[in-house]
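Participant: Could you put the whole structure together from the sequences, leaning on the hints where they help?
If you're matching positions, the sequence shown starts at 1 in UniProt numbering and goes up one per residue.
If you're looking for bench data, these hints aren't it; they were derived computationally from the structure. Just so you know, even glycine gets a beta-carbon here, dropped at the ideal spot from N, CA and C. One or more of the hints may lead you astray.
Have a look at the derived ranges for each label pair, beta carbon to beta carbon [unchecked claim]:
no.	residue 1	residue 2	range
1	Pro-250	Val-491	35 to 45 Å
2	Arg-494	Tyr-315	37 to 47 Å
3	Ala-341	Tyr-315	21 to 31 Å
4	Val-491	Arg-130	14 to 24 Å
5	Ile-574	Tyr-315	52 to 62 Å
6	Arg-130	Leu-244	52 to 62 Å
7	Ile-574	Arg-130	43 to 53 Å
Okay, derived cross-link-like pairs now, DSS-like style, lysine-lysine, Cα gap no bigger than 27 Å in a straight line [unchecked claim]:
no.	residue 1	residue 2
8	Lys-406	Lys-164
9	Lys-164	Lys-554
10	Lys-167	Lys-406
11	Lys-406	Lys-554
12	Lys-554	Lys-498
13	Lys-586	Lys-498
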Amino acid sequence: MGRRRGRRRPAAAAAAAASPPSGPREDDDLEAPLLRAEEEEEEEERDEIRSRETKRVSFEETRADDDDGEDDEAAALTAPLLGVSRDADVVDVDDDAAAADDDDDDAENVPYDDDDDDDDAENVPYDDARELRAIWTLGWPMFVSYFCRMAMASTDAIMVGHYKGGKHSPGDYLAAAALSDMLTTLLVVPPLAFNQVLNALCGQAAGAGAKRVAGVWLQQSVFWLAVTMTPTLVGFFFVKDALLGLGFDPAISALAGEYARWNVFWPVPNGWYQCMRFYFQAVGRPRPAMYNGVAFLFVNALLNWVFVFGGPFRYLRESRGRWEGFGFVGAAMSLSCSRCAQPLAYWYYMFVRRRAHERYWPRGGWSFRHHTRARTVEFLRQAAPLVGTLVFGVVVGQATTLLVSKLGTDAVAATSAISAATVVWSGAINAMFSMVIAVRVGYHLGRGDGDAARRSFWLSTAVVSATLVAVVIFVAPFAEPVLSLATSDRVVARDAAKVLPVALLATTLGVLNSLCTGGVFSGQGRQTLVTVLSFFVDIPLSVGGVAAMILVFKTNLRGVYAYGCAAAALELLIAYGFVWSSDWKKYASDAKARQAAAAPGEDPPREESREERGRGESSRRSIA
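Facilitator: Spelled out as structure tokens, the structure:
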């Protein structure tokens, strides 16, 4: 920082200089440098105040001019964090972080300090328009990302449903793939609790101003997911035996077992990918995952075409090596390839090339010293109930599939076709807004603003409701053509089309319920409540009710879906009852305390900047 020359000396110092010596010369020699040092320090403080004001104006002008790109979107998500500190000072980034961010287009205008609690952020008034913009900024890239993820899974089902080779019909292949997914999902979904908890924890860390703690939560997530998921992969090799034990057709069981074995490669890499995605979306960087998802949607489709049908090689002559693909299991092969390559590409781009994590990463990188007993206990306290929730959720879903199988193979195939036709948009909307609500509610609670968190949830719910109604109105009139995209079996498509309108209503109610259990309750840190609702409400109504409809009342597939609508409506009313009775101030206080407890000792003392070292050296020279 430059210094002003020719400073005026204080009156006391001038008088002392003009008065005749009253003591030994040595006293004056000691006093004069001390006075000069005090003068310089006072002037430097005034210079620094002016410099900070200049930075503030410059930063606001930069934000006003920069309306494009991820920079502005990330700034919008963390707008209350980007202003002033508790001392009304513009918060500066450390020199090393600022240097790294010169090359980071995603984050160059996000200056906030590691240790600043941003008390002033609590005074930023909530505004629906600003919140809607933040939801849109975070949400639409997440929607595209989840759409691509769901579309990848649907692509596999569509390819399987159109494969006519081998000794079986497309309906048999579709049923085998559905039964394989039923059992493997039971194995791999529970450990995903260790990445889904990141939405709330990282959102709270951002809201509380403890941004580097978000990196600690990511490290915890990656570790616990790998430890808990790896042993479950053994079960992939026993899917055939399990289905035979449940009384399924031996041929279908054999197909499902082979399909499951080729899916064993991707669960852990895919889980890590979700860890990274949730971490970056919680801190306001959802776009790279969107671009990655779009790219691998086409990669997966291409691999399916090649591995299932042979791709361009099927058009060659026999003499030139004609090849018609691997058939049914080619879909599993393509999914394993794409879901192993996708996280690798994302990790390289975000962590190696762009180094986008540095601003939200604990100093020292991967280190056990970051993972104190208190942090580990808090992470597990938030994640463990979610494990139970996911277990109950997957049991409900797969038990329903198992019960539907009692209606015959065609019923299973029809259910799979309905899922393939609806999961692309319903799953994307569900996942997108559940995560957005968890992040935004957690963010506002981390700021200490419970009322803003409440209003943000209901605003998101209104947007989702309008979106779902529009989609249902668009899809319902074209039931059979839509389902024909999922399978070439006309009987299956016709049976599924009769059920689709009721299935759409059940899906809509289910998504709204997920906004409570996977969104607002997660953002509030009420994971135990979600587990209790799953065990005492969801399982009895879903599994018990469907079992009664099929085994006792001998209903058909339409009756099963009609009951599902009634059960989903009742679950939604119960969930809304807990939302309406929420003590938002208490959850805001809990969120701030949680992140404050994790922040102490997170970083070593910050090194002095060049400017600070220069001021200190100048003062020492003046006194010497």
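Participant: Look at each hint and say if it fits the structure.
Facilitator: Hint check results:
Between Pro-250 and Val-491 the Cβ separation comes to about 23 Å, which falls outside the hinted range of 35 to 45 Å. For the pair Arg-494 and Tyr-315, the supplied restraint of 37 to 47 Å is violated, since their beta-carbon distance comes to about 32 Å. Checking the proposed 21 to 31 Å range against Ala-341 and Tyr-315 shows it holds: the Cβ atoms sit about 26 Å from each other. Checked against the given bound of 14 to 24 Å, the beta carbons of Val-491 and Arg-130, roughly 52 Å apart, lie outside it.
Distance hint check: the CB atoms of Ile-574 and Tyr-315 are about 57 Å apart, consistent with the given range 52 to 62 Å. Evaluation of the 52 to 62 Å hint for Arg-130 and Leu-244 yields a pass: the beta carbon distance comes to about 58 Å. Taking 43 to 53 Å as the suggested C-beta distance range, the pair Ile-574 and Arg-130 does not conform, at roughly 32 Å. For the proposed pair Lys-406 and Lys-164, the alpha carbon gap of about 25 Å is at most 27 Å, so the pair holds.
Restraint check for Lys-164 and Lys-554: the C-alpha separation of about 33 Å exceeds 27 Å, so the hint is violated. Under the criterion of a C-alpha separation no larger than 27 Å, the hint pairing Lys-167 with Lys-406 is consistent with the structure, at around 24 Å. Proximity of Lys-406 to Lys-554 is assessed by CA-CA distance (about 10 Å); at most 27 Å being required, the pair is judged to hold. Of the pairs offered as hints, the one joining Lys-554 and Lys-498 holds, with about 18 Å between alpha carbons and a cut-off of 27 Å not exceeded.
Straight-line distance between C-alpha atoms of Lys-586 and Lys-498 comes to about 48 Å, which puts the hinted pair past the 27 Å bound.
Of the numbered hints stated above, those contradicted by the structure are hints 1, 2, 4, 7, 9, 13, listed in ascending order.
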